[in-house]
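6 protein chains.
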Amino acid sequence: MPVVTVQLWEGRTLEQKRALVKAITEAMVEHADAKPDCLHVILQEIPRENWARAGVLGVDRKDA
Amino acid sequence: MPVVTVQLWEGRTLEQKRALVKAITEAMVEHADAKPDCLHVILQEIPRENWARAGVLGVDRKDA
Amino acid sequence: MPVVTVQLWEGRTLEQKRALVKAITEAMVEHADAKPDCLHVILQEIPRENWARAGVLGVDRKDA
Amino acid sequence: MPVVTVQLWEGRTLEQKRALVKAITEAMVEHADAKPDCLHVILQEIPRENWARAGVLGVDRKDA
Amino acid sequence: MPVVTVQLWEGRTLEQKRALVKAITEAMVEHADAKPDCLHVILQEIPRENWARAGVLGVDRKDA
Amino acid sequence: MPVVTVQLWEGRTLEQKRALVKAITEAMVEHADAKPDCLHVILQEIPRENWARAGVLGVDRKDA
Numbered sequence: 001m002p003v004v005t006v007q008l009w010e011g012r013t014l015e016q017k018r019a020l021v022k023a024i025t026e027a028m029v030e031h032a033d034a035k036p037d038c039l040h041v042i043l044q045e046i047p048r049e050n051w052a053r054a055g056v057l058g059v060d061r062k063d064a
Numbered sequence: 001m002p003v004v005t006v007q008l009w010e011g012r013t014l015e016q017k018r019a020l021v022k023a024i025t026e027a028m029v030e031h032a033d034a035k036p037d038c039l040h041v042i043l044q045e046i047p048r049e050n051w052a053r054a055g056v057l058g059v060d061r062k063d064a
Numbered sequence: 001m002p003v004v005t006v007q008l009w010e011g012r013t014l015e016q017k018r019a020l021v022k023a024i025t026e027a028m029v030e031h032a033d034a035k036p037d038c039l040h041v042i043l044q045e046i047p048r049e050n051w052a053r054a055g056v057l058g059v060d061r062k063d064a
Numbered sequence: 001m002p003v004v005t006v007q008l009w010e011g012r013t014l015e016q017k018r019a020l021v022k023a024i025t026e027a028m029v030e031h032a033d034a035k036p037d038c039l040h041v042i043l044q045e046i047p048r049e050n051w052a053r054a055g056v057l058g059v060d061r062k063d064a
Numbered sequence: 001m002p003v004v005t006v007q008l009w010e011g012r013t014l015e016q017k018r019a020l021v022k023a024i025t026e027a028m029v030e031h032a033d034a035k036p037d038c039l040h041v042i043l044q045e046i047p048r049e050n051w052a053r054a055g056v057l058g059v060d061r062k063d064a
Numbered sequence: 001m002p003v004v005t006v007q008l009w010e011g012r013t014l015e016q017k018r019a020l021v022k023a024i025t026e027a028m029v030e031h032a033d034a035k036p037d038c039l040h041v042i043l044q045e046i047p048r049e050n051w052a053r054a055g056v057l058g059v060d061r062k063d064a
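Chains as they are written, first to last, in this note's numbering: chain Y, 1 to 64; chain R, 1 to 64; chain U, 1 to 64; chain H, 1 to 64; chain X, 1 to 64; chain G, 1 to 64.
Any given hint could be a false lead.
Same chains, same names: a pair is fine if it fits in one copy or spans any two.
[Unchecked claim] Calculated cross-link-like contacts (lysine-lysine; reagent style BS3-like; alpha-carbon spacing at most 25 Å):
id: 1; residue 1: K62; residue 2: K22
id: 2; residue 1: K35; residue 2: K22
id: 3; residue 1: K35; residue 2: K62
Just so you know, the hints here were simulated from the structure itself, not pulled from any lab data.
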């Protein structure tokens with residue numbers, strides 16, 4: 001019955017999202033004794049100008 | 001002085017949002033001894049392709 | 001099917017928590033077209049030394 | 001470089017946590033093009049009296 | 001290695017965001033013993049119709 | 001009027017927390033046009049067995 005929130009860059013395809021939420025849900029069931037019924041996985045897509053690492057925004061990084 | 005974050009499907013009307021934040025704020029004041037002055041309610045609207053239940057995205061569910 | 005996260009001071013009684021989650025859930029059903037079945041309300045209790053308003057921690061405020 | 005926050009019941013063993021964060025990280029790398037280096041997985045353990053489903057706290061549910 | 005999530009009104013310029021994430025990162029390094037390398041700062045921009053204070057949405061406030 | 005949530009290792013002293021929330025609040029006022037009055041900074045202290053980087057829990061890392 002857990003809630004998993006994923007903050008990630010925007011730009012995943014629908015196919016990637018499908019596979020990702022399925023795999024995370026399976027990991028929760030297998031390793032955390034979670035029942036899948038009310039298990040939520042929420043993807044928060046963040047634009048590159050709204051995410052910084054080491055004090056530098058994604059739009060300004062070469063390796064981001 | 002609490003902060004309430006609501007993650008929900010996108011698509012509520014402005015009128016629904018008005019009524020919702022008012023009702024949640026009243027619940028906090030009545031049941032949690034909260035002072036309303038700096039009580040925040042934040043609505044995070046999530047597209048159906050970014051929210052899964054039981055490992056299946058909202059866009060792929062019939063009952064979502 | 002939404003998820004509501006409440007960040008609040010620690011110290012509510014079990015009875016207050018019961019009433020609070022019930023009232024918030026009813027608000028979501030009445031005003032946001034939410035189905036209650038998989039509607040989660042999560043209370044995150046924050047100690048007063050971990051919450052600041054206007055730059056001052058709760059432990060250092062007189063009105064907090 | 002994403003951040004994954006898991007809200008779940010308290011009570012997983014250290015061994016379960018180890019396996020869970022490893023599996024979630026692998027899912028992110030495989031399905032979301034994530035680089036593992038700065039990929040964070042954060043577990044927020046919630047007591048049963050602080051989590052409600054369908055308006056009823058975990059401590060008051062039989063099936064929780 | 002911390003994660004800082006900022007929920008704020010939408011509408012900051014790119015220049016403001018650059019300065020903000022830099023200053024927050026420096027504060028974390030100076031005051032919280034954080035290593036900057038994998039320190040994330042994430043800006044979540046919230047529209048005025050999705051944020052309420054004292055039970056009133058930002059779009060309906062004069063002082064917001 | 002923003003809300004800043006900081007997820008960090010547990011173990012900062014009260015003095016560090018005081019300085020940290022003050023510095024973050026000043027950064028928000030200076031760089032994000034925020035009014036300090038209802039600006040919240042919330043510290044979520046995470047135990048090392050609940051935080052993984054690159055798939056490895058903090059308790060199992062040498063450099064964490």
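Identical-chain pair category, K62 with K22, by Cα at 25 Å: between (31 Å within a copy, 17 Å between copies)
Homomeric proximity label, K35 with K62: Cα distance no greater than 25 Å: between (41 Å within a copy, 14 Å between copies)
Copy assignment of K35 with K22, given that the CA separation must stay at most 25 Å: both (14 Å within a copy, 19 Å between copies)
Against the hints set out earlier in the document, no violation occurs for any number.
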